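J.: One letter stands for each residue in the lines below.
Protein chains: 2
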Amino acid sequence: MNWLVIMGGGSGERFWPASRRKRPKQLLPIVGKRTMIQETVARLRPLFPASRVLVVTNQEQVREVRRQLPKIRNVVAEPVGRNTAPCIALAVSFIAERDPNAVMAVVPADAWIGDVTRYQETFRDALTFAANHEVLITIGIQPTMPHTGYGYVQLGERISDRFSKANRFVEKPDRTTAEQYVASGQYRWNAGIFVWSLRAIAAAYRQHQPEMWRQIESIRDARTLKRVYPKLEKISVDYAIMEKAGNVVVANGDFAWDDVGDWAAVARHFPADGAGNVARGAIATVEAADCIAVSDEKHLIGLVGVKDLVVVHTPYATLVCHKHQSQKVRELVKQLAGQRKHRQLL
Amino acid sequence: MNWLVIMGGGSGERFWPASRRKRPKQLLPIVGKRTMIQETVARLRPLFPASRVLVVTNQEQVREVRRQLPKIRNVVAEPVGRNTAPCIALAVSFIAERDPNAVMAVVPADAWIGDVTRYQETFRDALTFAANHEVLITIGIQPTMPHTGYGYVQLGERISDRFSKANRFVEKPDRTTAEQYVASGQYRWNAGIFVWSLRAIAAAYRQHQPEMWRQIESIRDARTLKRVYPKLEKISVDYAIMEKAGNVVVANGDFAWDDVGDWAAVARHFPADGAGNVARGAIATVEAADCIAVSDEKHLIGLVGVKDLVVVHTPYATLVCHKHQSQKVRELVKQLAGQRKHRQLL
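Residue numbers (the working numbering), protein chains in the order written: chain H, 329 to 674; chain D, 329 to 674.
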């Protein structure tokens, strides 16, 4: 049977103060009417019934995840975040106990998808391919711009219209390299979307991460999870498995995709006024340009003589950030975490 | 007897959203612990008992003025704002009914004074001088910088250490002219602070504004005030009287004075952090410089990668404005006034 694993444990610090520890980006309606995790479940609902969806989240968010997804019974909370390799191993182990012959898809909880029909078709093809071949499939997104914030995967030998072998994974490139990648047509964005049989992924963990796999297999209950999990290496599945495995296949992801990594990315999903300002909620401007203002209909944000700003109002905090420096919001969050009086704002 | 007239009818649009129509700058604790109008009354209390203080305000603010100044019984509300010439004429008429031999001082409700002892001495001297001479005294502030936002008065013939005749009034000068004024030592800032006998000011109105004076003298009660006042010319006392009169005297105002005209001026009254940021309330910064953040202790303003901004949080609206464009906040206020749904925010 086919299983869906949703990785929903991100902290979403780049969206502070709209996102908080207990309610990060994936649990907010950042670009849609439903929250991102609700959208993620909904758009794959035709392929995976609720009983075969597993959400991996963390202790702080588990209550809100259950509230937002009342039909999903399979929710696992990591005791601590250990990046994606341990997280996926945990999911594999969870499903193996219930359905050792399963084929599973892994998706992040917080991406936006432009063409849901193509997206679903891609999964259907990949699930079928993974059921019949011992491969690790990554769905590689056709790049639409030389994005320097994403990892890329280079295509190798062509298998069919829909699949190629993977040649190599590359980290976030600089601008020139990214432009070359896009121009070559031989690179896909690595979106963290995977499809494989339990057999194939378990074999890969056994071969490339034998110690991690041994530890994961020793987990029997909540108590052992809490004891074992924090000791696992903090490492991504890309590093731990995909870059090492010889049987990686890239499925052609020809649908619009966006990981909505910061407010500037959010803004691209909403119409701008004549001066390039994007508003969620009430806004008024005088000589303001290319700004993003996030509030609600009851609280007005007034922008006067400013450019390229992100302004986010919440009842407990206001963020004013240069649009191209939103990665530094993480530093602000770190700073606040170190101050007793402000920690409650996170 | 000596009377004090406090002109408190300003709309304070430049301080929106901290200031609102019913509670503009003079009714807020902008730079002190008490509101600016409370500070204004307090610093002249030794010279004028509450029974001889008259506050001229407007219909929208009169309730709040009475709340803030419970000991002041003499409060007159203009039916509409008509600038300072009609306002002062109204005050003259009010006092003349009660004390036709009075000497009166006129001060704006919203200025900051650095040296209250020198300030009081200046008034004492001016009140005595005005009691003995039929002159119109303006207290001219010794300029400390070539400010282009103030009007200036040029000194004429010296009368004593403390007083000179006035040569001429000049409007807000450009930078170069302002520098020449300051360098010459012959100019003072026109701070809108006046001292004169009722006899002298009434004579000046009769001579230079006979029609306005006739209308003001026809006011007998609230009903005639409401009918007559809106018809008066909207004109400043500088234009209407001071620039025309031949008996203007400048008293030497050698105390620190600031009309605190915008947030940048407010900021000069508070300590800045190492990067030039001034905060009222909770603030956290990452690579922010020369900003002014106004909030309260419960609502944090986070500034990331920004420079020269004014950020003002209130529960109903947030302003983000370039520090050197705060005069344009007025345009924002005008815009909101034209929108039914936002009018309540003013």
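Read the hints as simulated data drawn from the structure, not as lab findings. All values derive from a computational prediction rather than experimental measurement. Heads up, a few of these hints could be off.
Which copy is meant is left open, because identical chains are indistinguishable; a pair holds if it fits in one copy or across any two.
[What the hints assert, rightly or not] The calculated lysine-lysine pairs, modelled on DSS-like cross-linking and capped at a C-alpha distance of 30 Å, are:
1. K662 to K572
2. K635 to K572
3. K361 to K669
4. K559 to K361
5. K635 to K662
6. K399 to K635
7. K651 to K635
8. K554 to K361
9. K493 to K651
10. K562 to K500
11. K361 to K651
12. K651 to K554
13. K662 to K493
14. K399 to K656
15. K559 to K635
16. K554 to K635
17. K626 to K572
18. K559 to K651
19. K399 to K500
20. K626 to K554
J.: Run every hint past the structure and note whether it holds.
T.: Going down the list of hints, with the structure as the test:
1. K662 to K572: Classified as neither: same-chain Cα gap 33 Å, cross-chain 64 Å, threshold 30 Å.
2. K635 to K572: neither (45 Å within a copy, 46 Å between copies)
3. K361 to K669: between (33 Å within a copy, 24 Å between copies)
4. K559 to K361: Neither: 39 Å inside a chain and 55 Å across chains, both beyond 30 Å.
5. K635 to K662: Answer is both; intra-copy 26 Å and inter-copy 21 Å each pass.
6. K399 to K635: neither (44 Å within a copy, 48 Å between copies)
7. K651 to K635: both (9 Å within a copy, 13 Å between copies)
8. K554 to K361: Neither: 35 Å inside a chain and 53 Å across chains, both beyond 30 Å.
9. K493 to K651: neither (38 Å within a copy, 56 Å between copies)
10. K562 to K500: Within. Shortest intra-copy distance 19 Å satisfies the 30 Å Cα cut-off; inter-copy 65 Å does not.
11. K361 to K651: Within one copy, since 24 Å is at most 30 Å while 36 Å is not.
12. K651 to K554: neither (40 Å within a copy, 52 Å between copies)
13. K662 to K493: Classified as neither: same-chain Cα gap 41 Å, cross-chain 63 Å, threshold 30 Å.
14. K399 to K656: neither (37 Å within a copy, 52 Å between copies)
15. K559 to K635: This pair counts as neither: shortest intra-copy Cα distance 46 Å, inter-copy 44 Å.
16. K554 to K635: neither (48 Å within a copy, 46 Å between copies)
17. K626 to K572: Result: close neither inside a copy nor across copies, 53 Å intra and 51 Å inter.
18. K559 to K651: neither (38 Å within a copy, 51 Å between copies)
19. K399 to K500: This pair counts as neither: shortest intra-copy Cα distance 37 Å, inter-copy 69 Å.
20. K626 to K554: For K626 and K554, neither the intra-copy (44 Å) nor the inter-copy (36 Å) Cα distance is at most 30 Å.
Checked against the numbered hints listed earlier, the structure breaks hints 1, 2, 4, 6, 8, 9, 12, 13, 14, 15, 16, 17, 18, 19 and 20; every other hint is satisfied.
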